[in-house]
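**Student:** Read off the chains here:
2 protein chains.
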Amino acid sequence: MTPGTRQKMGPEANQEANQETNRTAERKNAVPMSGGGLVIQKYGGSSVATPEKIRNVALRVKARADAGSRLIVVVSAMGKTTDGLIALAKEVSASPPPREMDMLLATGEQVSAALLAMALNGLGVPAVSRNAFQLGIVTSENYSNARIRDIGLSLLREDFEKYKAVVVTGFQGITPEGDLTTLGRGGSDTSAVAMAAKALAMGETDVVCEIYSDVPGIFACDPNKVKGARKLDCITYEEMLELAALGAKVLHMRSVALARKYGVVLYCASTFSEERGTYVVKELPEWLENPVVTGVTVARNQMKFVVRRIPGSGDALSGIFRVLALAGANIDMISAASDNGLTFLAFTLQDGDAASAVEAVAGYMKEKGLEGWEIEPGVPVAKVSAVGDGMNAATGVAERVFSALQSRGIEILGISTSEINISILVEGSRADDAVNALAQEFGLIE
Amino acid sequence: MTPGTRQKMGPEANQEANQETNRTAERKNAVPMSGGGLVIQKYGGSSVATPEKIRNVALRVKARADAGSRLIVVVSAMGKTTDGLIALAKEVSASPPPREMDMLLATGEQVSAALLAMALNGLGVPAVSRNAFQLGIVTSENYSNARIRDIGLSLLREDFEKYKAVVVTGFQGITPEGDLTTLGRGGSDTSAVAMAAKALAMGETDVVCEIYSDVPGIFACDPNKVKGARKLDCITYEEMLELAALGAKVLHMRSVALARKYGVVLYCASTFSEERGTYVVKELPEWLENPVVTGVTVARNQMKFVVRRIPGSGDALSGIFRVLALAGANIDMISAASDNGLTFLAFTLQDGDAASAVEAVAGYMKEKGLEGWEIEPGVPVAKVSAVGDGMNAATGVAERVFSALQSRGIEILGISTSEINISILVEGSRADDAVNALAQEFGLIE
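Protein sequence lines, in the order shown, are assigned to chains U and X.
Mapping of the first sequence onto the numbering used here: position 174 corresponds to residue 214, and the numbering continues sequentially without gaps.
Mapping of the second sequence onto the numbering used here: position 16 corresponds to residue 56, and the numbering continues sequentially without gaps.
Just so you know, these hints were derived from the structure itself, not from any lab.
Treat each hint with caution, since some may be false.
No distinction is drawn between identical chains; accordingly, a pair holds when it is met within one copy or between any pair of copies.
[What the hints assert, rightly or not] In silico DSS-like cross-links for lysine-lysine, where the CA-CA straight-line distance does not exceed 30 Å:
no., residue 1, residue 2
1, Lys102, Lys130
2, Lys120, Lys130
3, Lys120, Lys408
4, Lys130, Lys202
Based on the sequences and whatever the hints tell you, model everything.
**Tutor:** This is how it looks when you write it as structure tokens:
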């Protein structure tokens, strides 16, 4: 038993994986129905929160196994287990060493993996659970936020001679020295995608990675805020990355980035229904009309600050951003202009960071002996973003965004754009109105 | 990271360890007070049941570390964790595969080990937690009742260059293939003794194995039943084995047998007080007066059955014992006699086994076509045993036992003896009277 070979998921693996992507994407519609090939499924904490839910997951896995697939099932810890373990740790130590924290947290996934393997065997599906030690999921040594370096698949190959399903502990790995690590937020998604990537790199040709949670797929906009919000059949990696970066929560950015890098086809759907979910792929199939805007998302609870009449030019600005970073304030949108040696600066940040940010700026000004400047009280804002690969080729998108908002009397407090994204700052209280306006303008409502 | 070398704890290790025993035993009185050497401590589930109790254990470990000892601290799962996990398993599957059960249960000790390591670091004691994978605690493949084959100590040696205390998950091991196993009842005690044995075999000369629980040591008889029952300073392995086999519960037989085999000095005491505990050693120190009877114990809830006039001789008896074994009835004391081709048989068993035993005997008689025999209704009895190494050399012990009981009107329903043990069957309702009579007769009350 060694924790896997040290073979890296290098550029060759990447190339090889990418050649597979298109072929796999073409087949995508068939995959969840038919059998065959290697299916990687990931079930999140809410999907395995109780023994009953675990039995439900086992039934889903059995259906796929009966259809002929080999399954790797990656599980998170049951429900709020991880939170409970963190609370325990805080009770024994004010600042637990990260190495011990990961040793503690890694138990959560081992519990759910063992229970799911039991449930599967109870249903007559030969299954075995495997943890990070057994599989050799080797990571960096960044405890609580480790990066996967390699996964040993040789044991899995042996397992598939005896078992129909291998249940794998998500969220965790081991260092080359054998210490346990955890992968940080979205860790179990990352585990699942990494296993799929490695399988592709090792010559498996029919691989899909299915991410199950309590939401039935990826929506063009938040269905809790926009009535009739459309669920997407397909979305590209780029679009999904933008949406995740801008606040959508179904998939963590990191797992999407990994899927893009290795050409892993993702499928997101609900554990609790048979409703059709959403594919995340490299390119939309040609027969699918390319929408200009695929999704609209919103980042709430931000504050916009304006600092006027800062004496001097660039020096003061870089100084201000340095003290803001030191104060832990995460600056988002920035605009600045100089006139007659006086600088105007506007920026946004999470409202929780506002107090320390204002203090940091004022402290810097005082320390440098700068006078005559003024900082306005923060204004609560939201950043509403329209994302779409098609935006690249289409013209007039910005104009459609502006007029949709202005026709509803929504003031535009700031703008930023990228190739496939246009983001608008609006008053915090108008966020939902703004999302609805854009959803209607770009046909994201059914 | 491999699970340790395959070097066995073989006869050489045994010999080497035994040479150490006497020297270590001589020093025993000094050990818990002074520092130096390698201390293996084991804390049971009730000792680490809450974060507060874990912090208490950390304080105890810190005191020993501050006095200069290197510590290996073996922990059980917190409180009733293991029971909770078993209940979860039963909810997902009626008959969970033992391999998955061990995967599940092994998480309990990892939680408490990580938490204790956190608490120690919080107190400024450099400490690290280690699980069965990391240490290479290699066992047989009997899931749920595995036997330790070897423990890798090389990692521990490295650890002691950086840490004062290594916290080890008790109760668990891994197979040579890397599957998790658990050691069954008394498993964490066994883990601790095995680590001490291996340390002795590898040349450590100053080793003691301290078993902490919620009882302050080993008593000559049950302090809950005998007022003033004396706590022992010292007891031999042989006596402890007899007492454990006969029903005393402080130490599991298996760990005592292992300690005897490898000459590991054991020390049993309470986690919750500074009260002096009990040593378990090869021989009592010469300055200690060798008592004839060291302890009295009792096995309750037994039934005595008498079968009269069984036709034939040995054949029928062996047939009866075979069907009793098949029925899962655990027979304890047996007496039999033949007269004129008819056999008289008396035996005892746990009262829970009584119904199936009677059924099995009757079924056998019927199957064989035997007639004229009769089975009397079962009588509730208890087996009261006096144990002592000194019994071997002393005369008149049996007589003192009989007269002590008879003078109190306690009827003797059966007798069995070994070299260091005399066991008497009495009516179940007189068990406590009998224990008190013997405790008084042999001076086991303070």
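**Student:** Against each hint, give a clear statement of whether it holds in the structure.
**Tutor:** Here is how each hint holds up against the structure:
1. Lys102 to Lys130: between (39 Å within a copy, 19 Å between copies)
2. Lys120 to Lys130: The answer is both: 16 Å in one copy and 21 Å across copies each meet 30 Å.
3. Lys120 to Lys408: neither (48 Å within a copy, 61 Å between copies)
4. Lys130 to Lys202: between (42 Å within a copy, 24 Å between copies)
Checked against the numbered hints given earlier, this structure breaks only hint 3.
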